[in-house]
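Take the given structure of chain A and dock chain B to it, following the hints.
Below are the chains, spelled out letter by letter.
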Amino acid sequence: MSTTIDVPVPAAVEPSALPLRTLIKTPIMLGVVTLAIALLIALNARSGDTGFRLATDTDFFELPEVTLPSTATVAVIVALLAACTAVSALLVSRARRTPLWLIAIFSVLAMTGFLAWAAAGKTVPVVGLLGGSIALAVPLVFGALGGVLGERAGVVNIAIDGQLLFGAFAAAMFGTIVGSPWGGLVAAMFAGALVALVLGFFAINYFVDQVIVGVVLNVLVIGLTSFLFSQVLADNPQKLNAPDHFSRIPIPVLGDLPVIGPVLFRQTILVYLMYAAVVVVAWALYRTKWGLRVRAVGEHPKAADTVGIKVNRTRYTTLLIAGLIAGAGGATYTLVSVPQFGQEMTDGAGYIALAAVIFGRWDPVRATLAALLFGFASNLSGVLSVLGSPVPSQFMLMLPYVVTIVAVAGLVGASRAPAADGVPYRKG
Amino acid sequence: MSTNDEGQAVAENPETPENPENPEVPADQKPREPGRFDGVLREIATGNALVAVLSVLLAMVIGSLMILLTDQDVRDTLAYIGSRPSDFFNAVGTSITDAYTALFRGAIYNTNVDGFELRIRPLTETLKFAAPLILAGLGVGLAFRAGMFNIGGRGQMLLAGTAAGWVGVGMDLPMAVHLPLAVVAGALAGALWAGIAGFLKAQSGAHEVIVTIMLNYVGYYLVFYVLSKQGLLQAPGSLNPKSKPMPESVILPKLLGDRFSLHLGFLIALVAVGFTWWLLNKSALGFRFRAVGENPDAARASGINVGRTYITVMLIAGGLVGLAGVNQILGTATSGVTVDMDAGIGFDAITVALLGRSRPLGILAAGLLFGALKAGGFSMAAAEGIPVEIVLVIQSLIVLFIAAPPLVRAIFRLPKEATA
Numbered sequence: 010m011s012t013t014i015d016v017p018v019p020a021a022v023e024p025s026a027l028p029l030r031t032l033i034k035t036p037i038m039l040g041v042v043t044l045a046i047a048l049l050i051a052l053n054a055r056s057g058d059t060g061f062r063l064a065t066d067t068d069f070f071e072l073p074e075v076t077l078p079s080t081a082t083v084a085v086i087v088a089l090l091a092a093c094t095a096v097s098a099l100l101v102s103r104a105r106r107t108p109l110w111l112i113a114i115f116s117v118l119a120m121t122g123f124l125a126w127a128a129a130g131k132t133v134p135v136v137g138l139l140g141g142s143i144a145l146a147v148p149l150v151f152g153a154l155g156g157v158l159g160e161r162a163g164v165v166n167i168a169i170d171g172q173l174l175f176g177a178f179a180a181a182m183f184g185t186i187v188g189s190p191w192g193g194l195v196a197a198m199f200a201g202a203l204v205a206l207v208l209g210f211f212a213i214n215y216f217v218d219q220v221i222v223g224v225v226l227n228v229l230v231i232g233l234t235s236f237l238f239s240q241v242l243a244d245n246p247q248k249l250n251a252p253d254h255f256s257r258i259p260i261p262v263l264g265d266l267p268v269i270g271p272v273l274f275r276q277t278i279l280v281y282l283m284y285a286a287v288v289v290v291a292w293a294l295y296r297t298k299w300g301l302r303v304r305a306v307g308e309h310p311k312a313a314d315t316v317g318i319k320v321n322r323t324r325y326t327t328l329l330i331a332g333l334i335a336g337a338g339g340a341t342y343t344l345v346s347v348p349q350f351g352q353e354m355t356d357g358a359g360y361i362a363l364a365a366v367i368f369g370r371w372d373p374v375r376a377t378l379a380a381l382l383f384g385f386a387s388n389l390s391g392v393l394s395v396l397g398s399p400v401p402s403q404f405m406l407m408l409p410y411v412v413t414i415v416a417v418a419g420l421v422g423a424s425r426a427p428a429a430d431g432v433p434y435r436k437g
Numbered sequence: 159m160s161t162n163d164e165g166q167a168v169a170e171n172p173e174t175p176e177n178p179e180n181p182e183v184p185a186d187q188k189p190r191e192p193g194r195f196d197g198v199l200r201e202i203a204t205g206n207a208l209v210a211v212l213s214v215l216l217a218m219v220i221g222s223l224m225i226l227l228t229d230q231d232v233r234d235t236l237a238y239i240g241s242r243p244s245d246f247f248n249a250v251g252t253s254i255t256d257a258y259t260a261l262f263r264g265a266i267y268n269t270n271v272d273g274f275e276l277r278i279r280p281l282t283e284t285l286k287f288a289a290p291l292i293l294a295g296l297g298v299g300l301a302f303r304a305g306m307f308n309i310g311g312r313g314q315m316l317l318a319g320t321a322a323g324w325v326g327v328g329m330d331l332p333m334a335v336h337l338p339l340a341v342v343a344g345a346l347a348g349a350l351w352a353g354i355a356g357f358l359k360a361q362s363g364a365h366e367v368i369v370t371i372m373l374n375y376v377g378y379y380l381v382f383y384v385l386s387k388q389g390l391l392q393a394p395g396s397l398n399p400k401s402k403p404m405p406e407s408v409i410l411p412k413l414l415g416d417r418f419s420l421h422l423g424f425l426i427a428l429v430a431v432g433f434t435w436w437l438l439n440k441s442a443l444g445f446r447f448r449a450v451g452e453n454p455d456a457a458r459a460s461g462i463n464v465g466r467t468y469i470t471v472m473l474i475a476g477g478l479v480g481l482a483g484v485n486q487i488l489g490t491a492t493s494g495v496t497v498d499m500d501a502g503i504g505f506d507a508i509t510v511a512l513l514g515r516s517r518p519l520g521i522l523a524a525g526l527l528f529g530a531l532k533a534g535g536f537s538m539a540a541a542e543g544i545p546v547e548i549v550l551v552i553q554s555l556i557v558l559f560i561a562a563p564p565l566v567r568a569i570f571r572l573p574k575e576a577t578a
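Order-wise, the sequence lines are chains A and B. Per the working numbering: the first sequence = residues 10 to 437. Per the working numbering: the second sequence = residues 159 to 578.
A few of these clues could be false.
[As the list claims (entries may be wrong)] Straight-line C-alpha distance at most 25 Å; calculated SDA-like pairs for lysine to any residue:
(1) B:412 to B:491
(2) A:34 to B:360
(3) B:387 to A:402
(4) A:248 to B:238
(5) A:248 to B:546
(6) A:34 to A:89
(7) A:131 to A:73
(8) B:400 to A:401
(9) B:387 to A:395
(10) A:34 to B:466
(11) A:34 to A:45
(12) B:387 to A:123
(13) A:248 to A:354
(14) A:436 to B:568
These aren't lab readings, by the way, just hints derived from the structure by calculation.
Isolated chain A (complex conformation) (with noise of 0.2 Å):
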């Protein structure tokens, strides 16, 4: 743990100053992922055209959809990624980190390759592919937001899966009640609050283990909300358990675009919502007196104190803020495609949300990035078993979690958590 009194800085603007050992992992797993794309034509190389269709009906003008010769493509493709790890490795010969935005090339050129290898002699829908992404990945953003804040404030919470969970509950519950989706939203938020406040309950005024509690709260809500589900919504799930769920609202002009229309802007409120979101959040944290008070009391309590921040009232009024966000992701699940709450239905999406704040390194902006990622790759696997992949869908299914993990282990390594996250405040 660092004992340093050090200005909290945004990761992207840490000095170059790191050791080579660092520096060096981003070229060498841009170099393993060109290899593994090569391979992939060099051993089964597979013939025909891929499809790629961009064009929805109500698109102002219709984009023509593209054909690519499937190995030729890839093998073009290859080239450009020997190049983009070229680059990467030059700049870390003179010592310096490779860009974000050569990194994002490279995964936008290697993930065209590996469809065009996939869906050889079929039509991939980029618009279905990106949209949908987009929709799997909201419960994450939420959650992922929830996760920063509480974080950044010196909060470690575990319990994002419960937080979706009984926010998921309650907006089918309440959304049913009351008789509109928007009664269950806010119930979702109250209800995300909740496991919140037990969380800074245990946490802050009684010092136990943050994570302990985050863990075991989570149990606490599946068994609460399975334990509901089977004795009371169960037996009357018309009067309970049957929200009327928000619909697809276009925004006008920007709803016709093509591909980014039908992608952004022609989906539900909740996705608005979690534009608004991520823009709040990030400002909120980066540019308020807030946010500057939320960042020193996560980074140095002691120091916050002393200028005269309460410490333990901003962290609980954080993690109720958290919550409501989190909680509002736990919505996506009952008021969206198919509005019934059903048992244990997040299916641990909290813990992959915790991932994406690690994997966005307490960034509301990366997290929120890294947890579209997560969305897209989940997506993925879905359109590619409708297509055939010729890899298993098992196969498929791992991709996110095989990719966080080398991501934590191979880029995030040299990240740091807020000094004092986890670290219960004691005055005196």
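Just chain B now, with coordinates in the frame of chain A:
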């Protein structure tokens, strides 16, 4: 997460008494020789046993309230409580008595059947349910003692069960060779799967919580693949992701004859408790585990190879959790390997380890308690229609309360903790 390098911020902070991860060193207790009053004795000596009992009681009370609030009779009589309160109180009394009688009959001694053998049968069921909880609890608890949080019980159990099942259906050997081979294969698979997390933490500081969670999913899909591929482990001609049933030569023998389902797995669990106790309290390796768990920096400064310790402890912990998977496949559910064979034990193990305060004897006691709750929960569900998930609620409440002794003391108006 606390920190991303080896530092367990929580364990390091000297200002954190009542740290359940690290119960050996509460700051307000004077240091003592480790292992001298290990386990239950020390609990009683410091008054913690009382807190444990009260925590269980408190959790049971809250569980009762939940049963009451959702009981149809109770709600019906509540509607006219003003005119006939006796109905309401009768309904409350019946509901609670019935529930806990069913729990007792399912977990310990069934008074509803004839013959001692049948009556004592629930107790043997409790022991059967306790065995994997104890084994997996030991795995989680051992890792805790070295400052590692092993949430990967599910993946480790799946891999171990699959490896044991593979040896089971894939070979044709006499029992004296076949059974031990299958058990060892399972333990090794669990060890290696957990070892990945230890290795990555040692190599790059990757947080073991994230890595073990991710390995749960990876292991799940890996086992899913193996079980749904003809020629690998899927039963020939079947479409379900399930292996063939285990042959007689790898099935753990029944301990009390064929009329009871209690099998050798429980004895394996007892041996594992003894082994882990010896390892932690009597061996040099266990000393290194505890040193790293209490303060990795100090351990490093005194010449302990912290990275290697992380790898070793995860290997042994994974082996123990793996034995829980073996216990399921070769003992409790011998009809074949499936993807949900872990039955939530990998996560239950965390609460067992927390309740047992990561000490082998404590884990034994916690495993027995949770085994009894599990056995009783099923009978409560069958007899009274109370969803079995009430057991999860009670278990997690017990752990929450036990982790916060000041809260329990405040609720029961007990004096502050004794300092000796």
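Original post:
Against which earlier hints does the structure fall short, listed by number upward?
Top reply: The structure breaks none of the hints.
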